[in-house]
Amino acid sequence: MSETETKALLGAPPAAANVGVDLFAQELERQGVAVDRVDWNPPYEGTETALSRLAVEAAAVARANDEALARMQAARPLLVGVGVAGELLPEMSARTFLHAGPPIEWPDMSGPLRGAIVGAALYEGLASDAEDAERRAAAGEFEFGPCHERGAVGPMAGVVSASMPMCIIENEAAGNRAHCTFNEGLGRVLRYGANDESVIERLRWIRDVLARVFAAALERLDAPIDIRAMTAAALQMGDEGHNRNRAGTSLLIRELLPALLELDEPSAEVADVARFIAGNDHFFLNLTMPAGKATADAASGVERSSIVTTMARNGTEFGVRLSGTGDRWFTGPSGRINGLYLPGYGPEDANLDIGDSTITETIGLGGLAMAASPAIVSFVGGRAEAALEATLSMYEITWGESQSYLIPALGFRGSPVGIDCLAVVQSGVLPVVNTGIAHREPGIGQIGAGLVDPPWQAFAKAARGLAEVD
Amino acid sequence: MGEIVRVRRGAYHDSVTLMLVTSRVAEEEGASDVAVVMATPLNLELLASQGFDLGGEDDLGPADLVIVMRAEEEATERLLAAVDRELAATREAGDDGPQQARPRTLRAAARRNPELNLALLSVPGRHVAYEAAVALESGLNVFCFSDGVGVEQEAILKRRALELGLLFMGPDCGTAIVDGAGLGFANAVAAGPVGIVGASGTGIQEVSCLLDAAGVGISQAIGVGGRDLDARVGGPMLRRGLELLADDATEAIVAISKPPDPAVAAEIVALAAGAGKPVVLAFLGLEDPPAAPAGVEYAATLEAAAGRAAELVGAALPDFDEGLAGDPTPGFIRGLYSGGTLCKEAMAIVAEAVGRVASNIPLEPGARLADVHVSEGHTFVDLGEDDLTQGRAHPMIDFSLRTERLVREARDPEVGVILLDLVLGYGAHPDPAAVLAPAIAEARAARDDLSFVVALCGAAADPQDRERQRARLLEAGAAVTASNAHAARLALRAAGVQEVPGV
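Protein chains in written order, with our numbering: chain A, 1 to 470; chain B, 1 to 503.
Extracted from the complex, chain A is given alone in its bound form:
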């Protein structure tokens, strides 16, 4: 019998992946067969039945995941304008306060979130002072709801109230929209729970000056700004799209500057706006985030898909939503951030993980694209290799690779995108999330940044939800 005839069965010489007992791999290698070993561990507790049930639907899950990922890849988020939350978002009453993360009520809210709600109440003129605002919140005078359920996202506390201006992102491919407030800069800011007069004053300036001038500049552009393209360019310049936004912000102000100079607005105000944007590295984050939401929302609602379409934290809980389970939240406790601190602060001061900014990781940016950002590798131990390893490890749990977000250090490989909840649950590899650290007391602000492990329980619950085991 000839060699070629013996190769008929598998079509090519056997090349095996071994999952389990290593003896079988060793015995194959002894016979000259190439073996790749999968580092297997049992799935998360309580997910056996779900995985076993989904095993017989694996083909449907795979088709659904292909569809969800294709929608994410196709999404082309454009910055189409600026509006007001009360007019843009559904069911926004004067007493509505949206927040980051999954649903939560006042008694369970952490310090920064309470501080931000107090600040927003003062900004809206709904309370005479902070104490009054807290009393009214506790008395049930305000309505709370997740940004994510009203077409918005918010960094850190993520509080949105009716009169706040919002940037409008439209996904040209599917027509869906997402919204986000303007980034306030660092230091004492509402999103970290600060609510003194300087904070409220800045919010008023954002509403009265920044939003107007910014909107006018956008209108003068030949075409809406393509946030996906700008983010892709920023990735080539050392941003990862979550914790480092210096390149993105620089590209944005470069694009806007000629239009700003041509505006028929008081030049002092235009200069203030230019200075504000240029002086705030994170300005672009508040565009990347709604662009991320517009991208992820487009992938939502594909029956059976195990692709993660939302990861968001309210400072108490971390919530996950899957494409195949639509609007249903699956939650676990918000994690402690393993990070680096500003002078004078330490882990004992830190609030638990908070913010909708993990929408960036959801679409293959942030921690998943860490390899693009050597400037912030200190978060992963200071070795440039560690940033590459972080991104490489994410390909284990993602359905595909981004066609838009390319990583120079990995030979322009697409960033890992489309987190497969089942792969997370099976492998125990959690999405890498890098994020800012808020002080646990309201009103103090950002005290550091670092990496955080999402709670495995949220993914375990989501897998059970998808399998309809619960």
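Hints are computed from structural coordinates only; laboratory data are not their basis.
Note that CB positions come from ideal geometry on N, CA and C, so glycine has one too.
Any given hint might turn out to be false.
Computed spacing ranges between beta-carbons, pair by pair [unchecked claim]: (1) A/31 <-> B/165: 16 to 26 Å; (2) A/268 <-> B/41: 12 to 22 Å; (3) A/22 <-> B/390: 13 to 23 Å; (4) A/128 <-> B/84: 49 to 59 Å; (5) B/50 <-> A/268: 50 to 60 Å; (6) A/67 <-> B/373: 47 to 57 Å; (7) A/90 <-> B/115: 47 to 57 Å; (8) A/333 <-> B/84: 32 to 42 Å; (9) A/46 <-> B/115: 33 to 43 Å; (10) A/333 <-> B/32: 38 to 48 Å; (11) B/84 <-> A/138: 45 to 55 Å.
Given the structure of chain A, go ahead and fit chain B onto it with the hints provided.
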């Protein structure tokens, strides 16, 4: 404790590096309130709020590095050196590129290595269905050693495998030889003209080793898992195997199964008739088989199946004429097996001569052992059954259960002969005779009228050196034969049974 303030103008470092440096220097003995920061307005404000006085430094800007801390004076130099050391350390590039860890998921493994075409699964049974499904969706053929896939799941997964043009060997598949590679427990047999498709691991091993003894090699041996011919599964992989063995390299086919569902058996027989080459069906224990069409024949034992296959390709099995080591001793036969199908084959031969044989895998329901650990008259135990392998390796690898039982059976004065299988090949114990022979020798030292018969299932090229294994067992006083069926007949003779079938 004094206040240390140092300024280095124009020494820019990014804020993340500085946070890292700060946290490391803060761990040094004697340092408190450490801050190594760029002089941004925000940082200057923070430092002022901590009581540090930078009044002496004018015009500090974001490009200027500020180092502050509180420490005893004698520690100052050491701590500032630590700042420099840590600042330098953050710039040192690692000289080893990124370490890509092993794949954590099968899907990622398949994506990372497009050459992969096969997944070997041996994870705990309750987790294996998901892995098998991922393997299929990733385009990999599956060899599933683990048991634990439900029968309905098995049917669905196999249907999916067929849609994808893939093989699903298993679950509970012990043996396959695919394109010359032995998977799981398999013997080093040569390539040759007989194709095997089987729902039994040790059945495949026995037939391929008997053919090896006849100088006949194997084209492919496709394992399908013990339940493939169950009515609820319908024999999809056995049928697929028959189709695949229509290749040019295969001249004759042996199909092996426990008694299949009658309807499934009829379909297999019809398919076998159209195989275009002779097919020997070893449906062990099937009563009233459907009439065999031309080109299809039945074999009652593995030995008969191998013998017929050898004849079909112009060869013959050697005569198995090994005799007993000593005189017969009337008494019960105790079979202690590691291979389920081998156990059944031997048991069927023994039962034909002596009637009831008790077992944990009984030939008829009434013969089930009340307690698997306690023999009743003539008794055969399959030590590879799930309830006996919980928490330990398969008895082809781990002999402890078998030697314990062997010692116990040897002490029973009613026992005349102990019958064992010894399976060699890839995956099996590296030197099984080294474990079994001393146990046999010891038992015979205590009772020299006790007979031992060993069915040695192995190929000449197996890594354990078959002839050395045989010599060791003979030396210990056992009768050794390469045919399990012949071993059963030897056991009957050793137990003083006169009417030995087939002799």
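Hint check:
1. A/31 <-> B/165: 16 to 26 Å: Hint holds: Cβ distance 25 Å, inside 16 to 26 Å.
2. A/268 <-> B/41: 12 to 22 Å: holds (21 Å)
3. A/22 <-> B/390: 13 to 23 Å: Hint holds: Cβ distance 20 Å, inside 13 to 23 Å.
4. A/128 <-> B/84: 49 to 59 Å: holds (53 Å)
5. B/50 <-> A/268: 50 to 60 Å: Violated, since residue 50 of chain B and residue 268 of chain A (Cβ atoms, about 35 Å apart) do not stay within the stated range.
6. A/67 <-> B/373: 47 to 57 Å: With Cβ atoms ~55 Å apart, the hint holds.
7. A/90 <-> B/115: 47 to 57 Å: holds (52 Å)
8. A/333 <-> B/84: 32 to 42 Å: holds (41 Å)
9. A/46 <-> B/115: 33 to 43 Å: holds (36 Å)
10. A/333 <-> B/32: 38 to 48 Å: violated (32 Å)
11. B/84 <-> A/138: 45 to 55 Å: Given range 45 to 55 Å: holds, Cβ gap about 52 Å.
In summary, the numbered hints that this structure violates are 5, 10.
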